[in-house]
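Peer 1: For the sequence shown, the residue numbers in this note's numbering are 698 to 807.
What the hints contain is simulated information worked out from the structure, not anything from laboratory work. Possibly wrong hints are sitting among the right ones.
Pairs of lysine to any residue residues, derived as SDA-like cross-links and limited to a Cα-Cα distance of at most 25 Å, are as follows [stated by the list, open to error]:
(1) Lys-734 - Asp-744
(2) Lys-769 - Leu-755
(3) Lys-763 - Cys-703
(4) Lys-748 - Gly-735
(5) Lys-795 - Thr-751
(6) Lys-741 - Asp-760
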Amino acid sequence: MSIIYCLCPASYWENFRNEQEYIPRDYEQEGFIHATKGDDLLIKVADRVYKDFTDELLLLVIDEEKVTAEVKYEQAKDGNLYPHIYGPLNTNAIAEIKQMTQTKNGWSIG
698 MSIIYCLCPA SYWENFRNEQ EYIPRDYEQE GFIHATKGDD LLIKVADRVY KDFTDELLLL
758 VIDEEKVTAE VKYEQAKDGN LYPHIYGPLN TNAIAEIKQM TQTKNGWSIG
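Starting from the given sequences, assemble the full structure and let the hints guide the process.
Peer 2: This is the structure:
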């Protein structure tokens, strides 16, 4: 199984809990779903994007092989390659949902 990650505010996830597809809030603006691969890169992204976020944050653990939309690895401004999902995420590709924990040193996987 090839794992990729997607971060999602818990309050937003409630809209998709029983749905067959997940679409993040910024999907129409971005044209794809942002994802990441590997724990180190995940924490860097969480600390950067959700630095001042104080609500519950979830980690969608995705089996990349089950994603029905196209997944492209593209280089970002920081020089890292990130998996981008070009279409709605079929929720049956989500293998697990974990809670993220924020400490004074940043985010960690709950």
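Peer 1: Hint by hint, say whether it matches the structure.
Peer 2: Against the structure, the hints come out as follows:
no. : hint              : result
1   : Lys-734 - Asp-744 : holds (15 Å)
2   : Lys-769 - Leu-755 : holds (23 Å)
3   : Lys-763 - Cys-703 : holds (15 Å)
4   : Lys-748 - Gly-735 : holds (19 Å)
5   : Lys-795 - Thr-751 : holds (17 Å)
6   : Lys-741 - Asp-760 : holds (21 Å)
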